[in-house]
Structure formats: C-alpha cells, structure tokens
Amino acid sequence: MGRRGWFAWFLGACVVLVAAIVLGAMIGPAGAISKANWNVIWNLRLPRVVLGGIVGATLSLAGASYQGVFRNPLVDPYLLGVAAGAGLGATLVFATGLSGSSMALTASANSWPIDPLPLAAFFGGLAAVLVTYLVGASFGGSSATLVLAGVAVAALATALQTLILQRNNEVIRPVYNWMLGNLSSAQWSDVRLITPYVAVCAVVLLLHRRQLDVLRVGDDEAVALGAPVARVRLTVVLAATMATAAAISVTGLIGFVGIMVPHFVRMLSGHSYRSVLPMSMVVGAAFLILADIPSRSLLGGAELPIGVVTAILGAPFFILLLRTKRAGV
Amino acid sequence: MSRLTRFAALAAVASVALTACGDDNQDAGSSSTSVVASLSTVTGDSTAVAPGGSTAGTVGVDGGLEMRAKIISLSPSATETLFAIGAGSLVIAVDDQSNYPAEATKLPHDLSGYQPNAEAIAALKPDVVIHDGTTELEAQLDKVGIKSFIGAAPKSLSDVYAQIEQLGALTGHVGDATELVSKMTAEIDVAVKGAPQNPGLTYFHELDNTLYSVTSASFIGQMYALFGLKNIADDTAGGNDYPQLSAEKVISADPDLIFLADGMMGESPATVSARPGWSAITAVRDQTIFTLDADTASRWGPRLPELVKAIAEALTKVPSKV
Chain A
1 MGRRGWFAWF LGACVVLVAA IVLGAMIGPA GAISKANWNV IWNLRLPRVV LGGIVGATLS
61 LAGASYQGVF RNPLVDPYLL GVAAGAGLGA TLVFATGLSG SSMALTASAN SWPIDPLPLA
121 AFFGGLAAVL VTYLVGASFG GSSATLVLAG VAVAALATAL QTLILQRNNE VIRPVYNWML
181 GNLSSAQWSD VRLITPYVAV CAVVLLLHRR QLDVLRVGDD EAVALGAPVA RVRLTVVLAA
241 TMATAAAISV TGLIGFVGIM VPHFVRMLSG HSYRSVLPMS MVVGAAFLIL ADIPSRSLLG
301 GAELPIGVVT AILGAPFFIL LLRTKRAGV
Chain B
1 MSRLTRFAAL AAVASVALTA CGDDNQDAGS SSTSVVASLS TVTGDSTAVA PGGSTAGTVG
61 VDGGLEMRAK IISLSPSATE TLFAIGAGSL VIAVDDQSNY PAEATKLPHD LSGYQPNAEA
121 IAALKPDVVI HDGTTELEAQ LDKVGIKSFI GAAPKSLSDV YAQIEQLGAL TGHVGDATEL
181 VSKMTAEIDV AVKGAPQNPG LTYFHELDNT LYSVTSASFI GQMYALFGLK NIADDTAGGN
241 DYPQLSAEKV ISADPDLIFL ADGMMGESPA TVSARPGWSA ITAVRDQTIF TLDADTASRW
301 GPRLPELVKA IAEALTKVPS KV
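Protein chains in written order, with our numbering: chain A, 1 to 329; chain B, 1 to 322.
Just so you know, the hints here were simulated from the structure itself, not pulled from any lab data.
Each hint should be verified, as a subset may be incorrect.
[What the hints assert, rightly or not] In silico DSBU-like links for lysine-lysine, alpha-carbon gap of 30 Å or less: (1) B:Lys125 / A:Lys35; (2) A:Lys35 / B:Lys249; (3) A:Lys35 / B:Lys143.
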C-alpha cells in the first residue's frame, strides 16, 4: 500500500479516535454532561478517557514494536517479563501494606509523596526485562534466547508472586483486580505520572519505524544491508518496555490490546512499520476508550474489568475480520 | 495468557475463602491499625468527617451529620449497624453484598465494594461513603468532595464496639450506638457464661473446602477464644491470619469441633464426614460438626452475638469427656 493509501486510513483512524473521546466523555453512570455533574465528569470520567487513550496507544505501539523486533506476530508487550515483574512489584506493595490504595494503613502511605504501587510495578517490570536481557545476551542475544530468557524470568517472578500471595491471601483480591487491569481508579495524577515516560518512548519508537521495516527481512540480511541490528533491537525493546511498564503501573495488566491492535492495523493499511506504528497508537487509543464505556456503564454500580470487555468485544470482531480478509484474498 | 488463568484459579479459590470469611474483611490479616487509627486518618483529611469535630457543611451540632446527610454503605457490616442504631434513614444506597436488614435491600444495591465504580457512586450524590479503604476510592471521592468513612475489618471485639460508636458519632446517633454496644456486650456475656465450661477443646473453622481457615489472631478466631477454645490453625507459620491448612494437618490436629462457614457452598457435616481419612477426627466421630451462618460468621455488626450464641449452642452438643 502506498504512502497516500495508509495516510487516508490514518486520517480515518484519527476521526474515529475523536469520536471515541467524545463518546467516552458523554457516556457513563453519572449521565450526560451537564453543569451539575461537571465535577464528577472532570474528576472521575475524563481521567479514565484520557488514561484509556494513553494506555491503549502505548500498549498497541509497544506490541507492534515487539512484533517487529522479534519478527513474530504472536508477541505481545509482555513477552520479556514486564508483566510478571510488574505483578511481583505490585504484589509486594499490597502484601506489605505500603500502598495507599490497599488497606487502611494510610498512616504509612501518607508518608509517601506518591503512591508506591505504580512505582513498584514500574521498576518491577523494568527489572524483570533487564534480567531477561542480561541473561539472554550472555547466551548470544539472538531473539530466540531472549524469548526463552523471558519465559524463565516470567516464571520465576510469577512463582515468587504466588508464594507471597499464598502467605498473604488477604491481598489476593486487590492483586487479582490489578492483574485483570482496570481504568476504574484513574485520576489526573496517574495521567501526569506516566505521560513523560510514555511520550519519550513513543517518540523513540516512532523514529525507529523504518529500521523495523529493514529488520523484517531477517537479522543476517538486515546486517548485510548495513542496519545496526543489535542496537536497534536493544533500543526498541527498552523503549517499548519502559512505555509498557509505565502504562501498566497505573492500570494493571490490560491484555489483548497489545497483540490484536497491530494485526488489525496491518489488515487495514498494510505491513510497513511506517504505517503500523502510528496507526496502532491511534487505533489502540480509540479501542480502549470505547471498551471502557461498557466497562463502567454496563453493570450499573460495579465495574466490569476492562480486560474482560476488550476480549469479549474484540475477539469475535477480530475473528470476523480475519475471515473476511481471508475470503477477500 | 496462562499465568492469568492460573491466577484466576487461585483468586477464585481465595474469593471463595474470603466470601465465606466476610464480605469485606479480607484486609483483616494485614490491617494492624485499628478502626480508631483508620478513623483518625479520615479526620486528618481536610474534607473528612470529624466525629465531634466541626467540619463545615454537613456536620451537625452534636458532631454528627445533619439529618439530611446522605450515606452510601459499601460495607455489609456497617449497613447492619446503621440500621440497628436508627440511622437507616440516612442511607441512600448500599453495596451488592448488603443483604440485611430487609430495609437495606429495598435501597439501590447494585454498587460494588469489590470493584467500586466511583462515577456510579458519585452519581448518587452522597455526602459520605463507608468503605473498607482497600481501593483508590477514597482519593477519587475526595476529588469530588465526597467524604470517606473507613470501616476496616476489626482486629478485636473492642474494635467492633469502637466502630459501632464511631458510626453513631458520624450519624448523630451516639446514644443508640452506646445502647447497641451494651446490648451486644450483655448478650455475648450471657452466651459465654451460659456455655458448658470445657477448657482445652480444639476446633477447626472452615472457610471453604480447600481448607482455608482462621487463626485466633483474626477477629472471628477471637470469638472462639471467648470460650477458651483452642484453634488448630494457630501453630501455622507465616503470621497469616487466614492460612490454608492441609487435610493432613487437620486430621493430625484432631479437632474436637468443626465449624463450617461454607455451608452455602454445599459443605455439610455429611460431606465433611465423607472426606477420605476424616473419619479419624474426633469431631467427625462425635458428629460435632456445625454449620454456621456465613454472614453472621463474618460480619462485625449488630448480629455478632448470634455467632457467639451459635458457638455456645455447639458446645452443649459436645459429649462430656472422661
């Protein structure tokens, strides 16, 4: 697909995103926007919409980048252990009662300038991927060894997490909620917290979209073409990981988006990473904002975890799309 | 995502355990602060309700809320207490686990304390929301000018009474709260004094059929301790108030009494007796297995004496030892 072709798709996706934002702002249990409930809309609903957009864009962009770097369409941003590490960090915080959002131990939480939960999740995720990378690199650093190291690190982190939970089963519910991912606790402070990391990483990743196209031909060929394969891979993995860690540190693990949105985008506008990366951001943002609407509205007074909505709405739609696309080829 | 699946299985087990042991006392284990400390957190906040204080607006003359103040309770225990002290008319909505008293179930009750939806709560325009402080709800409500009352799970009987009195102060029903506390104290006293004195009996409190239990450090465990009963889970390591026991452990500890808080999940004296190897347990041989009401066996509200009475009643069925 030519440049002009994908750009039309990109503009279309932007229109959908704007529509999603407007819909997201208008629909929720507190009703339509009015002067009377503006306080609620501004403080409770809009942070969800904005955070949903940022996190959806981040996970989709990171997923597309991971898929490019590993030349594997089944990869999601959690491949190298960032989710397991973040989960371990979050569990530690819940189990030790440090989190302001856990228990009534606010006396200790108050002494923290910011909530330790996202911090622990963020650094837990980064640490896990760092270990994966060091282990993988010490065995040659090919993408296969990296993936294997990621499996091992994730298994270890998950085992530690399970051990902690077993001994502190009173925190299983908050940890479980965190694992399912949710935008229900979104606040403007969350948006402020992650935006700097996410923005820098997104710029870095977008700047590498041409190199990702070169990598598509294979490591050896890319080297022959003069591409700095190892450096590109390291940079992209680090940027995608940091962005993912930042995103999930405030929302927990939101699945499906990171793996499916890039595929959806490829079906629309082609396989070149020049289009896949920016398209993934816009479509991912719109998708998560839209998915959060039933998440907060459908059950009335309770939350439907966003991960449930993304899968229930997204999976059949995706399968349908896959079918139509196949039939059309 | 296989780890999520595994996790879901683990959490399902736990939620079963927690449902059985209380709708919102999952934080009992690690919440070392008493409700008093929780409340001082609330009062330390600029917009928080200060019982006896003078926060502008909704706080009434006697330190409680004015009669028009609107309360949402996301805690089944607090719901029961509010209605018992005559403050039920202030409650405009409750959570989906608040099933008692009957008046409470006539209120909107689709809110969730587990998965609180801040916007749905705010849409009802309450003045105060009672919740257990386990989520980020407090910070969110604070942003829209709604106060939080943290009704965390108690660690002891005196915590239970303190929380009832705090709810009395919050709602301007101080006298009713004091009256309720003396009534509960008296009923519990009578039940304990009237029970057969049989020191040294051991018991196993079952939260679910994967053998999650409670220790004496837990609030439920302390109700048994009133009778001098010994908890077989007390020597488990790890400082966890809600440990999971192995069947071997239960059988080798040979409890004299078994209390089932998982009756509504299909467990009964018959199913327990039929478990492989359990016939060796004294409680199974003597058929001193008792099914408790899951709600009263997990809430720290006005119906707490009913749990104590159920234990007292069970003790009368224990065959006298030589």
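(message) Please verify whether lysine 35 of chain A and lysine 143 of chain B have alpha carbons no more than 30 Å apart.
(response) holds, 17 Å
(message) Checking one constraint from the list: CA of lysine 35 of chain A to CA of lysine 249 of chain B, max 30 Å. Satisfied?
(response) violated, 62 Å
(message) Check the hint pairing lysine 125 of chain B with lysine 35 of chain A against an upper bound of 30 Å on the C-alpha distance.
(response) The hint holds at about 14 Å.
Hint violations for this structure: number 2 only, all remaining hints satisfied.
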